[in-house]
Amino acid sequence: MDMHMRMASIFIAVLSGVIAVGLAALYTLKLRDIRRRRTAGVYTAKHEDWITYVLANLDGEEPLYPPPGRLNQEERRVVQERLIGWIEQFRGEQQRKLIALCEEMGLVKRHLQRLDSPFEWVRLDAAYYLGCMRSHGAVPGMMKLLASMRFSPMVFIVGRAIAKCARHTDELRDMVHVLLAHKKEAHPLIADILAESEIDIAAMLETFLRSGDEERVRLALAAMRKHSLAGSGDTLYKLTASEQADIRLKASKLLAKDAVSFSEGRARKLLIHPDGEVRALAAQAIGKLGLRSCLEQLRLTMADPEWKVRFYSARSMAMLGEEGFAELCEAAKTDTEAGAEEARDVIREEMRRRESASRETGWVAVRGRSQPAYEYVPLTQDDQVHA
Amino acid sequence: MRALLLGYGTVAIYYVMAVTLIYFMILFFSYKGVYSMIKGAVYSRFQSLSGSESAPPVSLLVPAYNEELTIIENVKSLLTLNYHTYEVIVINDGSKDNTLQVLIDAFQLEPKEDEKGHQAIECTPIRQVYYNPAYPTLYVIDKPNGGKADSLNAGINLSHYPLISSIDADSLLEKDALIRMARVYMENPAETVAIGGNVRIANGCSIRDGVVTDVRLPKKLWPMFQTLEYMKAFLGGRIGWSHINGLIIVSGAFGMFRKSNVVEVGGYRDGYPGEDMNIIIKLHRHMLENKLPYRVAYCPDAVCWTQAPDTYRILSSQRKRWGRGNLKNMWENRDLLLRPKYKVFGMLTVPYNIIFETLNPYFKLTGLLALIGYVAMDMTNWKVLLVFALINFLNGYVLAVGSLVLEELAFQRYTRMRDLVRMTWYSALMFLGYYQLGVLWRLQGHIEFLRKNNTWGVMTRQSWNQDAPAVNNTPPVATGGKIA
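Going line by line, the protein sequences match chains A and B. For the first sequence, this note's numbering gives the first residue as 848, with consecutive numbering after it. For the second sequence, this note's numbering gives the first residue as 729, with consecutive numbering after it.
These aren't lab readings, by the way, just hints derived from the structure by calculation. Given the structure is predicted, the values throughout are model-derived calculations rather than measurements. Cβ atoms here follow ideal geometry from the backbone N, Cα and C, with glycine treated the same way. Be aware that a few hints might be false.
[To be verified] Calculated lysine-lysine pairs in the DSS-like style (CA-CA distance at most 25 Å, straight line): (1) Lys767(B) - Lys877(A); (2) Lys987(B) - Lys840(B); (3) Lys1071(B) - Lys991(A); (4) Lys1071(B) - Lys1010(B); (5) Lys1155(A) - Lys987(B); (6) Lys903(B) - Lys840(B); (7) Lys1116(A) - Lys1100(A); (8) Lys1030(A) - Lys840(B); (9) Lys1071(B) - Lys1180(A); (10) Lys1155(A) - Lys1100(A); (11) Lys1030(A) - Lys767(B); (12) Lys1030(A) - Lys760(B); (13) Lys1073(A) - Lys1135(A); (14) Lys1019(B) - Lys1071(B).
[What the hints assert, rightly or not] In silico negatives: residues of chain A with every beta carbon more than 10 Å from chain B: (15) Leu862; (16) Tyr890; (17) Tyr912.
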């Protein structure tokens, strides 16, 4: 019994010790946080004039000067955070002046030294700041860091920093290679990272798109949502036949956005694509781009087994003027049940839309008493809708 | 009898040792996981990412039952999130009050005929979809009462985007909560099937225009305890569980899911509370059985503020409901227990939940009876009892302190020293009654389960405007409310 009690006492002592250490750490952290906030306020107030000076002279020809006097570590941190905030906020000459100021203050040099630290967290921190300061000299060090890292959210932080600093496409290509090697399908995020770069990435995306490597193709397609590539229509059209569903869908989406590449011939072929999602996209795009010559084909897709294709076909027909609307009415009368129902829904919807639009213009859409189709008649003075 | 009591004592010691070990292990993983979470959040530029087309489009699903008091403010708040492409789908689950009408009036909604919604998942047929092109991202579904899970399924059927996010109608999302969560998804879309957000208690905080402007601790006792409880669960527990891909629950108040996977598992299960735990279990099971790489992630910096029950009646009702949901989920999924096929989930998460969560009240209760037996049969003395109580307290308190350190290290939401003093003090005070009540409520929940009680229980809605009156909200079928 005594032995058990002794063991229990030791356990209590250990737990009490852990709690004491935890509480000490907790209050130390809180005090540090309070002190940091206070000193940040004090130093911001101290350098208020300098802050005003920097903001007032961002557009001037003169280079910006560092704050007066020697800065202590905390002061430098406060000033650095201000500068980083502005660098990310401004673009062009203003940004360049702020970056030059960071170099003048020795911040870039300091972080370049930290990039060689034996501790990964220090190197990561340095990479983040060097990225913000667009330090091209840091790229080799950051690449080394990126290549040495296991997959974690941190790899994207370093990747973004490299994209900001890179001045050659090869540097971006290497960074992309490492990020894609993790095989996490993070193409949209990598595309977003590439968009941070000041380099023209069109040529690189073009090679990715034609590479035949699925990962690179996916990345190029993701990047093209922001960065359209002139003359990529043929490649995109080829990709609509890809074995990978996501690739053919994304390629179709991009193709459908471009009126030049989305020719009538391609639209017709995509309407009979084996993938229902692609057919639906094509049907939708025909209406948006006003390809009246595809009306006949759209009429046929009203009998498509996929509801989405019928849905978009009907809506696109309604968008193709009176001719399209008449075809829609015909579909409502004669098509298979699903197609006819879809057509009727769109007709109802279109009538409502036209009716509401006509209220403003003095015209209202009504259903003809003797005709199965629909026509416009002028609104009566008392604004009554004829039915 | 003495031998029985001694045997029980031995078992109880191993039980306590095991639970302590697992708690510490999870806390350790929380510390390990929080580093990259903090750094990832600090170094990410959410402002630019939130405006980026690269962020995946998200459908926010907001089931609402008798939410007329808070729904407008909450929807307005949801419509102004910092995110590029998203839609808000409010599902009026047959409310008896004017929830639907206040929505129609406030947003001038009109019936939308072309939104039939593709019936990807079974749910109660909807009555109507309402829409106003002036608010192009807002859709309101009106349907007969069918429960929270049914409402979510209806929302999924209407949703237009590949990611869905479930949000309680009485909760407020921070403006950048969605983009923070989306960042986690974007880092690993290949494997991420669900992401949990961090739910914090808004009682005591200042709220203006749907935004928490001043973070303060609750003044009342019950919400204060819950603040600490949530902190312990979300920071000390879920970060660690997600680090080893063993997270068993993503809060119903705020979570994000890949829609295709939710559809694959048949959507949310209906019929009783605990749908948020159930969907995660189904996702784990589906991915593991099909040998697909996956993760259920957690994003502690994506914050959703919710109102905690501030009366005994409502709190006990909520906890009994959780107890019911937990028991039902564990019973239904007992086949996962200790099956190597289900990896960490089957070998650690489920056993932990069954033994240390579901069965916890029975160990506590029998422990108490055993203590009485030891005293009655003169098998112990006050010193031993004191030591036992002290170890119990210190064990729990060390975990509470661990969670507070995590909060201070990573988030520092409560900025004043006074707040920290209160939190450390109340963390100790919780051992004098609150935890014991938790055991009692869970036990009562189990009894309700055995009695096949399938109601949501008592729930009140309080306007975010603190001066407004509270309304009683007891749905016929489980809808709304919040589950941590």
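With the threshold set at 25 Å, check whether the alpha-carbon distance from Lys767(B) to Lys877(A) stays at or below it. 19 Å, holds
Pair hint outcome, Lys1019(B) versus Lys1071(B) [Cα-Cα no greater than 25 Å]: 11 Å, holds
Just double-check Tyr912(A) for me: nearest Cβ-Cβ distance to chain B has to come out over 10 Å. 27 Å, holds
Lys1071(B) paired with Lys1010(B) [C-alpha distance capped at 25 Å]: 15 Å, holds
Against the 25 Å threshold, does the CA-CA distance of Lys1071(B) and Lys991(A) hold or violate the hint? Cα-Cα ~35 Å, so violated.
Please verify whether Lys1030(A) and Lys840(B) have alpha carbons no more than 25 Å apart. 42 Å, violated
Tell me if the straight-line CA distance from Lys1155(A) to Lys987(B) falls inside 25 Å. Given pair Lys1155(A), Lys987(B) holds - Cα atoms ~18 Å apart, limit 25 Å.
Below or equal to 25 Å on CA atoms is what counts here, so check Lys1030(A) against Lys760(B). 23 Å, holds
Hinted pair, alpha-carbon criterion (25 Å max): Lys1116(A), Lys1100(A). Please report holds or violated. Holds - the C-alpha atoms of Lys1100(A) and Lys1116(A) are around 15 Å apart, at most 25 Å.
Is it the case that Leu862(A) keeps its Cβ farther than 10 Å from each residue Cβ in chain B? 4 Å, violated
When you check the alpha-carbon spacing of Lys1073(A) and Lys1135(A), does it fall within 25 Å? 20 Å, holds
Measure nothing beyond the straight line between the CA atoms of Lys1030(A) and Lys767(B); if it is 25 Å or shorter, mark the hint as holding. With Cα atoms ~22 Å apart, Lys1030(A) and Lys767(B) stay inside 25 Å; holds.
In this structure, the hints that do not hold are numbers 3, 6, 8, 9, 15, in rising order.
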